[in-house]
Every structure is written in structure tokens, then in C-alpha cells.
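Colleague: Spelled out from the first residue to the last, the chains are:
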Amino acid sequence: MNVHLPSAPKGPARIGIGGPVGSGKTALIERLLPALARRGIEVAVITNDLVTREDAERVRRSGLIDPGRVRAVEAGACPHTVIREDPTLNIAAAEDLEARYPGLDLILLESGGDNLASTFSLDLVDWWMFVIDVGQGDDIPRKRGPGIVQSDLLVINKLDLAPYVHVNADQVLTEAAGVRKGRALLGCACRPHGRAASDQADGIEAIIDLIVRDVLFTDIPAEVQGEA
Amino acid sequence: MILEHILGAVTDPWIAAPLHRLEHQDAVETVTLSREDMSRKRLRACTDKGTEVAIALDRASALFDGAVLLLDDRAAIVLRMEPEEWLCLRPRDLTEAISVGFFAGNLHWRVRFGDGQLQVALERERAVYLERLADRLADGRITLIDGDQP
Numbered sequence: 001m002n003v004h005l006p007s008a009p010k011g012p013a014r015i016g017i018g019g020p021v022g023s024g025k026t027a028l029i030e031r032l033l034p035a036l037a038r039r040g041i042e043v044a045v046i047t048n049d050l051v052t053r054e055d056a057e058r059v060r061r062s063g064l065i066d067p068g069r070v071r072a073v074e075a076g077a078c079p080h081t082v083i084r085e086d087p088t089l090n091i092a093a094a095e096d097l098e099a100r101y102p103g104l105d106l107i108l109l110e111s112g113g114d115n116l117a118s119t120f121s122l123d124l125v126d127w128w129m130f131v132i133d134v135g136q137g138d139d140i141p142r143k144r145g146p147g148i149v150q151s152d153l154l155v156i157n158k159l160d161l162a163p164y165v166h167v168n169a170d171q172v173l174t175e176a177a178g179v180r181k182g183r184a185l186l187g188c189a190c191r192p193h194g195r196a197a198s199d200q201a202d203g204i205e206a207i208i209d210l211i212v213r214d215v216l217f218t219d220i221p222a223e224v225q226g227e228a
Numbered sequence: 001m002i003l004e005h006i007l008g009a010v011t012d013p014w015i016a017a018p019l020h021r022l023e024h025q026d027a028v029e030t031v032t033l034s035r036e037d038m039s040r041k042r043l044r045a046c047t048d049k050g051t052e053v054a055i056a057l058d059r060a061s062a063l064f065d066g067a068v069l070l071l072d073d074r075a076a077i078v079l080r081m082e083p084e085e086w087l088c089l090r091p092r093d094l095t096e097a098i099s100v101g102f103f104a105g106n107l108h109w110r111v112r113f114g115d116g117q118l119q120v121a122l123e124r125e126r127a128v129y130l131e132r133l134a135d136r137l138a139d140g141r142i143t144l145i146d147g148d149q150p
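Heads up: the sequence lines are chains U and H, in that order.
Take the first sequence: its position 114, counting from 1, is numbered 114 in this note's numbering, and each next residue is one higher.
Take the second sequence: its position 4, counting from 1, is numbered 4 in this note's numbering, and each next residue is one higher.
Keep in mind the hints are simulated off the structure, nothing from the lab.
Every residue, glycine too, gets a C-beta built ideally from N, C-alpha and C.
Watch out, some of these pointers could steer you wrong.
Derived DEER-like restraints, expressed as beta-carbon distance ranges [unchecked claim]:
| hint | chain 1 | residue 1 | chain 2 | residue 2 | range |
| --- | --- | --- | --- | --- | --- |
| 1 | U | Asp96 | H | Asp65 | 30 to 36 Å |
| 2 | H | Asp93 | U | Gly76 | 37 to 43 Å |
| 3 | U | Pro163 | H | Leu94 | 53 to 59 Å |
| 4 | U | Arg144 | H | Pro83 | 21 to 27 Å |
| 5 | H | Arg110 | U | Asp96 | 51 to 57 Å |
| 6 | U | Gln171 | H | Gly116 | 44 to 50 Å |
| 7 | H | Glu85 | U | Asp139 | 29 to 35 Å |
| 8 | U | Val165 | H | Gly101 | 39 to 45 Å |
| 9 | H | Pro83 | U | Gly103 | 37 to 43 Å |
| 10 | U | Val165 | H | Lys49 | 44 to 50 Å |
Construct the complete structure from the given sequences, taking the supplied hints into account.
Modeller: In C-alpha cells form, the structure reads like this:
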């Protein structure tokens with residue numbers, strides 16, 4: 001017997017981008033948007049703020065994306081409540097974007113967190129990354145916390161600033177790898193100081209490679225289920 | 001291969017017979033996932049025979065233990081969930097029961113209750129949990145039970 005089923009209308013993949021305030025999540029999105037566009041990946045963005053729409057307005061004004069594709073969710077409380085405990089506001093925003101832009105491949109959901117405990121509900125996202133930066137100190141990975149340990153990808157941002165904040169970038173990456181126990185880890189420099197972003201050392205393309213591999217599956221040839 | 005549908009369960013009558021035949025041909029592959037990964041709609045995984053698959057379900061579908069993701073004349077792929085381990089704790093008294101219950105919630109541990117026990121799902125290394133409970137264990141406020149010793 002062969003079971004042939006048509007390709008299902010799955011909708012766009014959803015990725016969470018969490019991490020402490022100031023770690024560079026919005027800056028990372030501003031770098032990801034043009035890089036994703038170059039690969040033909042259609043994107044929308046949802047930002048979560050405590051009581052403002054600051055991040056959404058920043059992304060809308062960036063000129064990097066159709067402003068209509070950017071939605072803001074005001075948590076009104078600790079942001080993790082609307083990405084983990086009760087993500088219905090974000091689910092509704094994602095479904096709204098999916099209905100309005102049927103060709104979407106990917107929705108990025110950004111949410112700040114006031115500590116290292118933020119995690120995303122897997123009812124909301126398919127995969128999530130946690131962003132920290134060397135400016136917060138070299139001990140952040142050692143402090144672990146669910147965001148550091150459980151995220152699908154840990155991004156350590158602002159590596160280019162390490163010498164200026166007395167941090168050994170290699171040591172931070174090594175310690176993070178030890179805490180992560182095999183889970184994905186990438187260094188990043190969203191705004192590479194004194195270097196052209198095109199030299200690939202900023203880590204942006206490596207992050208997208210991982211998204212493509214783990215969530216978008218565009219590297220896998222289309223094959224109808226049941227015709228293996 | 002991208003698997004986009006749950007075709008049914010291993011126990012469904014229309015699936016059980018062909019699946020049994022394929023098992024005799026050593027043509028059934030198993031994808032084993034953690035409980036956390038069972039919550040996902042999209043993920044990449046390997047079968048027990050090394051076949052790499054991507055699972056991409058619609059938002060209304062949910063993976064479950066025994067789900068059949070592929071079934072044809074030559075092969076089948078079945079999903080299994082890793083068995084869960086639980087740390088079984090018995091609080092010394094009501095005061096400690098309330099206290100350790102609050103503590104577990106504050107750490108976002110997944111718990112269940114039964115037979116006077118607080119049972120904590122081990123989603124990370126056992127030592128991580130025992131480290132956080134060390135003071136309570138040392139004081140005798142809680143005890144590990146049913147041979148569940150550090």
C-alpha cells in the first residue's frame with residue numbers, strides 16, 4: 001500500500017529570538033532581514049515589548065521590510081509571559097500575518113527578557129535562539145539559565161567589542177560550548193566594528209544557514225510523502 | 001525526505017497489518033524524540049537506521065508516541081517518545097510540601113503529584129536538580145524515594 005497525500009499548507013516557520021535587553025536582538029534582526037531577502041526567503045516580524053512598541057517602530061522605520069509585515073505585541077508584564085505561559089497574543093499576531101501575507105516563509109518573533117530564564121513555548125515557535133553579548137560580562141554562559149542552556153541556538157553577540165570590555169571572546173565561546181553540551185552555538189558581531197560586514201566574519205550567514213537547515217528545510221528536495 | 005503528515009497510529013487497524021509485514025522485512029524505521037521535541041511542528045531528525053528526515057506539520061497536528069509518518073510498500077517510519085525519568089520527592093510535612101512546590105514552580109520545573117510525592121520531570125541532567133535541592137535533602141525536609149537516591 002502507498003499513502004499519497006498532497007503537500008500540506010503548513011504556513012511559515014516561526015522562530016523566536018530572545019535574550020536580555022540590549023544584547024542586540026533587534027540589531028540582529030536588522031542584519032538578518034536583508035540577508036534572508038537575498039536568499040529569497042519571505043519574512044515578517046513580531047516584536048514584544050513591555051509597555052511600548054519601540055522595537056516594532058524601529059524595524060518599521062529601518063527600510064529593510066514592508067512596515068505592514070511588522071507587528072508589535074505589548075506584553076504589559078514580563079515579556080516571557082506572552083512567549084511562554086500564555087502565547088495567545090503572539091499566536092494571534094502570527095496568524096494574522098500568515099493570513100495577510102500568504103507567501104511568507106518565516107516569521108521572526110523577538111522578545112526581550114530581564115534575565116536568563118526566558119524561553120519560548122513550542123506551541124508558539126518551531127525553534128528559538130537566545131542572544132547574549134560579551135558586554136554583559138564573561139560570566140554569562142557560566143551562569144547558565146534556561147535561555148542559555150535550552151535554546152536551539154545560543155548567539156554570543158558583539159564579539160568585536162570583547163577587547164574593549166576586557167573579555168576573552170574565545171574563553172566565553174569555549175565555556176558556552178561546555179554548558180550547551182552539543183547544542184548549537186555561534187558567535188556574532190551584528191555591527192562589526194572597523195570591518196566590512198561582507199567578510200562573513202560577522203556570523204550572520206552562519207545563523208541563516210542553521211535556520212535553513214533546522215527549520216526551513218530548503219536544502220531537502222521536495223518529495224511526496226509515501227513515494228519514498 | 002520531508003514528512004508533512006501523520007498518517008495514523010501504529011494501532012490503527014488499517015496500518016497495523018502492513019506495518020507488521022514491513023517489520024518482518026526489517027523495513028520499519030523509528031524516529032525517537034524527547035518529550036520536548038514531541039511538542040514541535042518542525043524539526044530535523046534521524047531514524048534508528050540513519051535516515052535523515054525533516055518533519056513539517058501543519059499547526060493543528062501534534063506528534064504522539066506511535067504516530068506513523070511514512071507507510072508504503074517498501075518502508076515505514078514510526079515515531080516514538082523517549083521514556084521520561086522522574087525525580088520522586090517526599091516532603092517531610094505540609095509546610096515543606098508547600099515550600100518545595102513553590103520552589104519547583106519558581107524554577108519552571110514540570111511536576112506531577114501522586115502518592116504523597118512531588119515528582120519532577122528530568123529534562124536536564126539529574127545533577128542539576130539535585131544541586132538545587134541539596135539543602136532540603138541535607139536537612140531532611142525532603143527525601144528521595146523508591147530507590148531514587150543521588
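Colleague: It remains to establish, for every hint, whether it holds in the given structure.
Modeller: Cross-check of the supplied hints:
In this structure the supplied range 30 to 36 Å holds for aspartate 96 of chain U paired with aspartate 65 of chain H, their Cβ-Cβ distance being about 33 Å. About 38 Å separates the C-beta atoms of aspartate 93 of chain H and glycine 76 of chain U, a value consistent with the hinted range of 37 to 43 Å. Under the hint 53 to 59 Å, the C-beta atoms of proline 163 of chain U and leucine 94 of chain H, about 56 Å apart, fit the expected range. Range check, arginine 144 of chain U to proline 83 of chain H: Cβ separation about 25 Å, and the 21 to 27 Å hint holds.
Under the hint 51 to 57 Å, the C-beta atoms of arginine 110 of chain H and aspartate 96 of chain U, about 31 Å apart, miss the expected range. The supplied range of 44 to 50 Å is met by glutamine 171 of chain U and glycine 116 of chain H, whose beta-carbon atoms lie about 47 Å from each other. Checked against the hint of 29 to 35 Å, the C-beta distance between glutamate 85 of chain H and aspartate 139 of chain U comes to roughly 30 Å, which is consistent with it. Range check, valine 165 of chain U to glycine 101 of chain H: Cβ separation about 41 Å, and the 39 to 45 Å hint holds.
For the hinted restraint 37 to 43 Å between proline 83 of chain H and glycine 103 of chain U, the CB-CB distance of approximately 42 Å keeps it satisfied. For the hinted restraint 44 to 50 Å between valine 165 of chain U and lysine 49 of chain H, the CB-CB distance of approximately 49 Å keeps it satisfied.
The structure is inconsistent with hint 5 alone, although it conforms to all the rest.
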